[in-house]
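Colleague: Build the full structure now, drawing on both the sequences and the hints.
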Amino acid sequence: MPEKLIEAPTAEEIAAGVETEFSYTTVLKRTAVRRMYFSCDRRSIRALCQYLKDAFNFEHITSLCGVDWTDRLQVVYHLSNYCTGMVIEITVDIPNDDPRIDSVALIWEGANWHERETYELFGIVFEGHPKLERLLTPQNYEFFPFRKSYKLRGQE
Amino acid sequence: MMPDDRTMWITMGPQHPFSHGLWTLKIRADGEIVKDAEPVIGYLHRGWEKECENRTYPLIIPMADRLCYSASMTWSHVYCKVVEEAMGIELSDRAKYLRVVADEMCRIQSHLMWLAAMGTDLGNLTVFLWALRERELFLDLNVKLCGQRLTTNYPRIGGVRNDMPFYFERDCLRVVNRFEKMIWELVAMMDESSIFLSRMQGTGIISRKDAANYGLTGPTMRGSGVDFDIRRDDPYINYDLLDWDVAVCKDCDSYGRYKVRMEEMFQSCDIIRQAMAKLESIPKTEPTRIKVPRRVPEGTHFARLEDPRGESLMYLVSDGTDKPYRLKVRSPIFVNVSASKHFVNGVRIADIPAIMGTLDMCLGETDR
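Heads up: the sequence lines are chains A and B, in that order. Numbering-wise, this note's numbering puts 135 at position 135 of the first sequence, and it's gapless, one number per residue. Numbering-wise, this note's numbering puts 343 at position 187 of the second sequence, and it's gapless, one number per residue.
Do not take every clue at face value.
Pairs of lysine-lysine, DSS-like flavour, derived with a Cα cap of 25 Å [claimed, not checked]:
#1 A:131 / B:191
#2 B:479 / A:151
#3 B:300 / B:337
#4 B:479 / B:447
#5 B:497 / A:131
#6 B:206 / A:151
#7 B:440 / B:300
#8 B:300 / B:447
#9 B:365 / A:4
#10 A:148 / B:479
#11 B:365 / B:191
#12 A:148 / B:206
#13 B:497 / B:365
#14 A:53 / B:365
#15 A:53 / B:406
#16 A:53 / B:497
#17 B:497 / B:406
#18 A:131 / B:365
#19 A:53 / A:131
#20 B:406 / A:131
By construction, these hints were calculated from the structure, which means they are not laboratory data. Small disclaimer: the values here were computed from a predicted structure and weren't measured.
Modeller: Encoded structure:
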């Protein structure tokens, strides 16, 4: 646990904190007004999320989604802070042949359905998720419709 | 069912008067008391995000309208906003204030639709009729501004479709001023009814900490005392230049969410009036729309704004072509309904419609 909670952190404080705690796995890509963009290794995503929540008061996960880059999969997190209106975007790359990542549903319950949705549409398995089942599509679906290998009409 | 377990699973919906759209709430009931609940959605899933990958950027605006029929203006707005951010476009002031007016009109009519639905949930059909009567005037304004009542198709990438028609300002202010008086009738009918109060106060309690953790947004969250509104805390289209208050209620129950929505309608009236005054000072010759390129430069961008129902976010991945590579929609109701277990835990079955009614369900954006 971090020593103290900074309720309204500035971008510099967050960058410095993440830099010392996760220097090997997390890279700050760019910053803008009330925006920060990180890229993270998939092994440390849960620890990073827990750290951002505990140390910098990111008590709300806005969204979580998958992207299929054909050569790899990606999960994108958007975390937000109520005091400053800051949003942190974290991208995590996942190899195609082992689509697994740690779940953050136990950190924020709001991530629960986002992860279920990403699982059913992209086939990314969130390890440690309390109930990883299909949500929008029928239970007997055998494919992941949002992957790029699933072609739409006229997309051949 | 376990032999000594007295509970049973009851399925409410998809054809149930409380479910405002196609979804199911499975509840585990012990007699009259709800012990557990599980929402089931997906009946309307049409692969919206995937469908967008097959369309050029301008063709997605009318699709974004159809995410939610009563918040069509804000949905096409958030879509245009994310594409503008990806292109690095700054709107003209005139376009910004026109969007403010359109968004706030949309917020009022969406909240009135919620109030009407809430009335029927509680068996008060007069509220339903009166709220829809007021809403009709805002829909008429929509017709004047963009030619459509519900699926407005008004925002464009780089501005809005057209400037205000003649006498729109006069009509809009008339409607707003009249509405501010008439809304007191609605408030009186709800707030002075002890039946309404006894069904709303003290039910569906969500604490401030839980509201943040469950990912609740919008009036549902502000009804639990979270003082956060994207219009104020992460301002866009000149909301920071207008003077208004965020409606917050610390009651944390159904009544708190009701009060927040009612207060928001008053604030929206105020915002419309101020935006109209600002529009007055901007010359009519200022363009309402900038010409934009067909292609979006490569990169990832996101935009968020305050929908009538909560925080809507779109995440755009563009690969340099004229079609999006991926477009993710973060729907506020998708997350709010996922917490419905916590809303109804421990209440009586008869209270479920009253509690879930305060969420303002819209299934088009939930299932996408």
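Colleague: If you check each hint against the structure, which ones fail?
Modeller: Going through the list in order, the structure violates hint 20 alone and respects the others.
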